[in-house]
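A.B. asks: Reassemble the complex: the two chains are provided individually, in unrelated frames, and hints are given to aid placement.
Chains D and Y are the protein sequences, given in the same order. FYI, the numbering for the first sequence is 174 to 487, going by the numbering used here. FYI, the numbering for the second sequence is 1177 to 1464, going by the numbering used here.
To be clear, the hints were calculated from the coordinates, so they are not data collected in a lab. Wrong hints could be hidden among the right ones.
Lysine to aspartate or glutamate pairs mimicking EDC-like chemistry, simulated, CA-CA at most 16 angstroms apart [claimed, not checked]:
no. : chain 1 : residue 1 : chain 2 : residue 2
1   : Y       : K1267     : D       : E281
2   : D       : K181      : D       : E351
3   : Y       : K1267     : D       : E282
4   : D       : K470      : Y       : D1351
5   : Y       : K1267     : Y       : D1395
These stretches of chain Y come out as covered by chain D in the derived footprint (C-beta under 8 angstroms, 3 or more residues) [unchecked claim]:
no. : segment
6   : 1206 to 1220
7   : 1267 to 1277
8   : 1284 to 1295
9   : 1350 to 1357
10  : 1398 to 1405
11  : 1432 to 1444
Covered stretches of chain D, going by a simulated chain Y footprint (3 or more residues, C-beta under 8 angstroms) [unchecked claim]:
no. : segment
12  : 220 to 232
13  : 281 to 290
14  : 295 to 309
15  : 460 to 471
Since the structure is predicted, the reported quantities are computational estimates derived from the model, not experimental observations. Note that beta-carbon positions come from the ideal geometry of N, C-alpha and C, so glycine has one too.
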Amino acid sequence: MKKTTALKIVVMVILALIIPLFKDVSSGLLSIMSTVLIYAIYGMGYDILYGYTNQTSYGHSLFLGLGAYGFLLSVRNMNADFFIALLIGVAVVTVAAIAIGLFAVRMEESYFVITTIILVWIGYYLAMNMVNITGGDDGLSMTLPPISLGFISFSLYDPLIGYYVFLSFFAVVLVVLERIVSSPLGKVFIAVRTNPNRVEFLGYNLFYCKFIAFVISAVIAGLAGSLLAVRFRYASATYFNITYSALPIIWTVLGGAGTLWGALIGAAIYLLFVYFVSAWWANYLILFGALLITVMKFSPKGILGIIKKKISWG
Amino acid sequence: MFENLLFPFFNGLIWALVISLVALGLCIIFGVMRVVNVAHGELYATGAILTFIFLQNYGLNFWLAMLAAVAIVGIICALLEKFIYRAYEGKVSATLILSIGLALVLQQINLIIFGGKVTIMPAPLPGAISLLGVGFPAYRILAAGISVAYLILMWYFLYKTSLGLSVRATMQDRDMAAGLGVNVDRVSMLTFGLGGVLAAAGGALAAPIVSVHYLMGADILTISFIVVIVGELSLKKAVMASFVFAPLENILSVFFVPIIARVISFILMCIIVAVRQTGLIAKIRRSE
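Bound conformation, chain Y alone (with noise of 0.2 angstroms):
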């Protein structure tokens, strides 16, 4: 029972690892910017099929073509903020008519450039890896790795540089901190780079896990802002919200359907938003 349990627990930590790169993604977007980012799921998708494509047509290998996607796609995001997110950044409701246009225009581009079809990667790294008895695809603890280091660099650049400094400080108070001499324009295209950055390594990353379609962004894109918002909006209970999230889901699938495990986890996690959100503690501990 107990190695049953072991595979799904060590591949939803991994899964964690997966996701809170793209919530981090979603997080500091709406962060910055107060924008509900709905086309981060396509962007997710655009790195993968990138990353896909070059690999294939153009015979680079994982690594450059991880890069080269990851770059592309942090450039396009930047352009898009200066010309179209940035006259409503702010405002909830406009924002996200606009990143549904956008979706809805990455999706098809997708589509175009990939087709309709799904594709399994080949692993870039073959063979298996024993984890306390349990076989264990290598690739999975690389992409664990790689993760991780794209985390550590995250933190750093946001705790531990100047310009990380501003970025913060943009996501407490954008006005104070436009008052203080930060440059808050150049701040929100950075932010919006890194947010696609981060939403095009996580889906290059995932590529060779799951199978390449141009829906697949679709999933993670839910289950990221499921994570963002249990972790109310802050980058770190984000993460930790992801590392609650991926290993619950994929353990319950061992007992259930993976669909309703996932319905079941989504709702736990909808209870826990709405008992926060809605004040249900306070008020209990109020009545007290």
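For reference, chain D alone in the conformation it holds in the complex (with noise of 0.2 angstroms):
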């Protein structure tokens, strides 16, 4: 067995097994991780986008938040079902996805990148804007619907079936990125990242492989953005906001672009370093900035590029 499968075994191992064993230590861990995951699963969707065919979008927030109130919505309009709440945001992501990408994938990488802050832009506006329908800034909370398996039915309000819940779409998610990415649409984007020239000599269609990839990605946001919500109980126009399409770009950079794992051990990274830090350092996203900047310059390949030379050396 190849040294880094049985380093994913090891660490499903700890997230599944080890982890909800100190859910009486602390309260605290279990919840940061249930968040970990979910903001996993957004970084592992961008990694798609970013890692795989490099392209930069700076409006991944758009998506979160279309996702986030998409289930929401939803839940306390139509009081509908957990999977079928979670079908429409899903839905409405795509669509959205779908009418943006057909024109901004297009474009030549700069426009792509300026084009897609404006698309966030307006939406944050939006969203902050049309009160009555979002809660604006304040958001708007749900009482959760249980998720019902025909014979057997969950509560999402235990934090334990909630962090396996979790658990399991970021491994759902984590196995059907793996698949994509070894398939051979997942070889020609790398090929896209390597050199897209040459992938439209060779007769692929350039724009289809991006603008599939942007798809994915997005409709991956967007089911982390109704995870999101799920965890919260809870969604405000906040999503929409910039900060939270630039937090996917540091994750999967500092832990590793082009590598899926990557996102997971830069959202852990992340989000434990703000639960310890912030409480008494308010301004730790310059430490977040300046390790962007060290990572890219010292090693583009993030942590699990460091780790996966020193497995191969040793």
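C.D. replies: Okay, here's the thing in structure tokens:
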């Protein structure tokens, strides 16, 4: 068995079995790890876009916010079931991603970045302004529907059940994305990152490949948004804020772009740091800014890149 | 009705001048180094904040305070180019990530030195001037004059001096310019410093008009980006685009809530970019 595979299994075992053991020691850890898993889903989706096809979107919080509100509003207004609400949230994001991708992905790299910035601001302004629908800055809360699988139903109010729900979503997304990445389409994604011109010479439709990657990552971001609404039983217009667009960039770059797992590492470092440090130092973002620059300058492959190098050497 | 539109129109023209300063800075930085400088809004805020601090804490007058702030930001930018961006110039996504990191750092530094308060800066020139029967704050007209002076200086520098010629040559083809003996590294450093100067000058001029806040750069950054891409990354077109955008938004805000006015003008500008960038017009022409 390859060492990296063994490492992945160890991480999954820790996530599934070890961390819940600490729930009596510190209830904070379980809730942080729930958020870490959701953020990791968001980050992995972003990694498909940035790490695999080298398209830098600075507007993914648009999809995060739409996913969160898609879930929340369908629960609040239509009393929807958990999975129906999730489906609605993801469907809304898919439509938005296709509509935006059709014109944004065609653009040259720099135009693409700037267009995503503009779109996320439009989303933020609208969400802040339509207070009667979105609740604006204060946001809206909801009562969570139970998850019913036909024969049994769970209440999401138990933090341990919540944790396992998020963990299973994380595992499903991870498996699906790893399948995509190792499929022929995934190989073309990597080719798009390495040399887009050659992809076109070889007869692939460059726009189509980039578009698929864009939609996949947006849909995953929407799923993460819905789960975030579940996690906090709440959504507010701040989910649309551009800060939430910068976060997945920080996580993927910090953890290692183009690895999928990097997002988990980045998100875990970020959240644990915020949890323990923000209490006594409010300007912790300065450190993440500096970290981003340092990682880009000295180890563009991120933390996982360093680990992989060590493993292949030893 | 007409008088009601006149004030927002003049106001829009003055905003257009401030925006075109900031956008011009973005545009030359992008043109020379291919850096989508997200930290530009933070530089704008730094310009305003430093001006305010020099004015209030050190008792300088507004003009000296502005000059000092602009010079400091310019020097910081030149150093940032040398030590942070240089190795990655030409790579849009890498420099974007660097500039996001830089934006976070600068934003928090602004927060540390200025605090989270929203402060109104006293106008250095009180009073009002009557323009076509509309009373208009005198400082805004002065700010417009200074912006025009900056723009003329920029134009003179870029189009009439040999250094400006090398900047434009580097914008068109970096390798070719280097091959013809232009010191591309020095041009990049100068350009980034100049971009910072323009952003800080915009911030300092806008400070008495809008309130000073450590996040004040966010709005202007997005607007400048719009102007820059509507102007298709060309300097003159960017200035022209800001003269379309700002009066449009100001006039729309007579009829709508200000945020909705901004959203409408953003969407209009997005449509223009989408149509031109995806070659829709060319396709329609071909099918005719």
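A.B. asks: All hints, please: hold or fail.
C.D. replies: To see whether the hints hold, each was checked on the structure:
1. K1267(Y) - E281(D): Judged against 16 angstroms, a Cα distance of about 13 angstroms means the pair holds.
2. K181(D) - E351(D): Judged against 16 angstroms, a Cα distance of about 12 angstroms means the pair holds.
3. K1267(Y) - E282(D): With Cα atoms ~10 angstroms apart, K1267(Y) and E282(D) stay inside 16 angstroms; holds.
4. K470(D) - D1351(Y): With Cα atoms ~23 angstroms apart, K470(D) and D1351(Y) exceed 16 angstroms; violated.
5. K1267(Y) - D1395(Y): Between K1267(Y) and D1395(Y) the Cα gap is close to 25 angstroms, so the pair fails against 16 angstroms, i.e. violated.
6. 1206 to 1220: Coverage by chain D holds for the segment 1206 to 1220 of chain Y (4 residues, Cβ < 8 angstroms).
7. 1267 to 1277: Holds, because 8 residues of the segment 1267 to 1277 of chain Y bring their Cβ atoms closer than 8 angstroms to Cβ atoms of chain D.
8. 1284 to 1295: holds (count 4)
9. 1350 to 1357: violated (count 0)
10. 1398 to 1405: holds (count 5)
11. 1432 to 1444: holds (count 7)
12. 220 to 232: With 5 residues closer than 8 angstroms to chain Y, the segment 220 to 232 of chain D meets the three-residue bar; holds.
13. 281 to 290: holds (count 8)
14. 295 to 309: holds (count 5)
15. 460 to 471: Held - the segment 460 to 471 of chain D has 8 residues with a Cβ nearer than 8 angstroms to chain Y, which meets the minimum of three.
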